[in-house]
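**Q** Residues per chain, in single letters:
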Amino acid sequence: MSALVLTPLQVALLAAVQNRLIPPDGHVPGAGDAGCAERVDGYLVERREWRTELLAALQAVDVAAARIRESRSALASAELEGTGFLNLSADERDAALTAVQAEYPRLFARLLRLTYTAYYTDPGVRSAAGFEADPPQPGGYGTTTFDEARLEPVRQRGKLWRDA
Amino acid sequence: MTGADPAVTGGDSGNRVTGVADVLIIGAGASGAAAAWSLSRRGLAVVCLEQGGWVAPESYPHWRPDWELHRQTDFAKDPNVRRRPEDYPLDTSESPINPLMFNAVGGSTIHWTGHFPRFRPSDFRVRSLDGVADDWPISYWDLEPYYEQNDAFIGVSGVDGDPGYPPRSRRHGPPFGLGAAGDAYVRGLEKLGWHWWPSDSALLTAPHQPGRQVCTSCGPCDMGCPIGALSSAQVTYWPAAIEQGVDLRTHARVREITVNARGLADGAVYYDAEGTVREQRARAVVVACNGVGTPRLLLNSVSGRFPNGLANSSGLVGKNLMFHPFGSVSGVFYERVDGYRGPLGSFLYCHEFYETDASRGFVRGVQLQLNRDSGPLTAALGGFTGHPVAWGADHHRQVRDRYGRMLTIGVLVDDLPDETNTVTLSPVLTDGHGIPAPKITYTLSENSQRALEFGVARAADLLEAAGAHTVLKDVLVRDSGWHLMGTARMGKDPGRSVVDEWGRAHDVGNLFVVDASVFVTGAAVNPTTTIQALALRTSEWLADHFQEVAA
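If you read the sequences in order, they're chains U and X. Each residue of the first sequence is one higher than the one before, starting from 733 at the first, in the working numbering. Each residue of the second sequence is one higher than the one before, starting from 1086 at the first, in the working numbering.
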């Protein structure tokens, strides 16, 4: 799917972020690998308030990543090039996200909510995770019979309402 | 469904009342539908103007794999989030609770769990019994025949014999089975020795009315019901009302109610689906726009004779806004409780703490509505308490621990009237037609705060007694303003109320209000059965006295 609101670079960044928010777990894919970045991009077409918050969140991730990169430059980890989130190790990525969560809780909450929404509304993910993959209809889950004998202890308490 | 083709969003009823209608009803939700049915069966020529359209059964999210996304978008309960063209915006910047509603044929009964408890007798006598607020000008027993009529018409399921209430007739269908969720709740309730009962439920468990199916326990009633099992007004009263000739016009947004030289209501000015300004004349007008929309319309209906809004000589139109301040408490269990299998919010209730007990530190009472939960996204986002599971390495384990293993209790408290809690007109915000939008100003009272804290603590006690290992709480849920009440209150004194005991405006003899705006107090139960009973009672009186009150 091509990018709609986000640039291809932003989609790649978002997917990398999402793979840390919901990492792979055995045969259950990580959120970025499951295509959640593209799905979130689709949501942003209709929802302007989400767009503003998500773009700001991605910017905050970039800033946090640059800060982490700067702090480790003294250690001369020359094998990792660039300053962005994509050039950080897994632990550093988590540290950057933790920093964004602490500094911009509202933006991070939007990022998290959109990621969870894109992930768990995917029937493929639900199926892989062992959750109900089908929507509620058609069919529902069927009904059981009520046993009125269960109410006997309540009936025996007698009148509980006030006359008025 | 029968009557008009509901698959055609925006479709009208096919009936046409030409010239002056006997009665113009504004709003096609719970109360407007009941009034339309009641008045038209008496042979009156009825026009109903509704700003929304029909919601086509196939358009509900329940059929779609991404159904939980739609709770946050086009089927969101908050009109400020949903933002369909038929919705109007609300300024909620001075309220800790967001009013929630749905604008369509069926109104907010589309976004509705169908929990259908009646008021208790004491709810009509809070001044006499507890020394607070005001008594209603009518009693439970005045309303009881209309509760019965409404229950019989729409087909309520449940069990009679609850010792928490006066006797009521045998319910149309049996209650839902307890299942794993109910077993867990009852285990806790029996341990604590607390009252509980299967809800009177506006969900069919036995066949009733053509075109409606029996509930299949699919779960998310809060987004409506695509099979007609939920007794939303578009599948109960509307087909019959249309059969009786009611001229229901959809996508018709009323700008103002007009008055004649004698100060009587003589119709309304509205925008039709194309945005053209139209006028509908009528000999009597019934307002059914909910506790926010009704005062908004009355305040927007300004004339030389009524410079402060229609029917507002008391100054009380838009005042005394009541919600049911709502707390949400979720329990997480080790074993599966099948929280997503079965109706979300019309299941069981506990009224152990319903009547006043001064030793608790507040007056009036609390209902614990024993609900289920919902799908995997809801589990990940924290059920209905806003506590999302962690991100990162432990995420999957935490979601697995919650999904199908959560139950959520809704805590409703009796919110007493306060004149400083208001619906006014925003000086800046308008809807898509340029009509001033409502502004909500509301402060939670100390009594309601105490009641909420008490109720949330009891809900936690119950969930722990039921076996929950973790309890999550949201003491005051912001998105919980489902019940909008009190803003055109009923009373005998024209100086202290807007309408009389029949819902007839003190100032305008052929103007009636039938929604929860007329509530004097709110009780601690969901209001829809009381709204519809009042609408039936008012409509019967209007039909009986039509010739003497009509313009």
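Quick caveat, the hints were computed from the structure, so don't treat them as lab data. Glycine included, C-beta positions come from ideal geometry on N, C-alpha and C. Please note that a few of the clues may not be correct.
Here are some, though not all, of the chain U residues that point toward chain X, as calculated from beta-carbon distances under 8 Å [to be verified]:
(1) ASP757
(2) ARG783
(3) ALA788
(4) ALA792
(5) ARG842
(6) ARG845
(7) TYR848
(8) PHE878
(9) GLU880
(10) GLU884
On the chain U side, residues computed to face chain X include the following (Cβ under 8 Å) [claimed, not checked]:
(11) SER803
(12) ARG858
(13) ALA860
(14) PRO868
(15) GLN869
(16) GLY871
(17) LEU892
**Q** Against each hint, give a clear statement of whether it holds in the structure.
**A** Comparing the hints with the structure gives:
no., hint, result
1, ASP757, "4 Å, holds"
2, ARG783, "13 Å, violated"
3, ALA788, "18 Å, violated"
4, ALA792, "15 Å, violated"
5, ARG842, "11 Å, violated"
6, ARG845, "7 Å, holds"
7, TYR848, "5 Å, holds"
8, PHE878, "5 Å, holds"
9, GLU880, "6 Å, holds"
10, GLU884, "11 Å, violated"
11, SER803, "21 Å, violated"
12, ARG858, "6 Å, holds"
13, ALA860, "11 Å, violated"
14, PRO868, "4 Å, holds"
15, GLN869, "4 Å, holds"
16, GLY871, "6 Å, holds"
17, LEU892, "5 Å, holds"
The structure shown violates the earlier hints numbered 2, 3, 4, 5, 10, 11 and 13.
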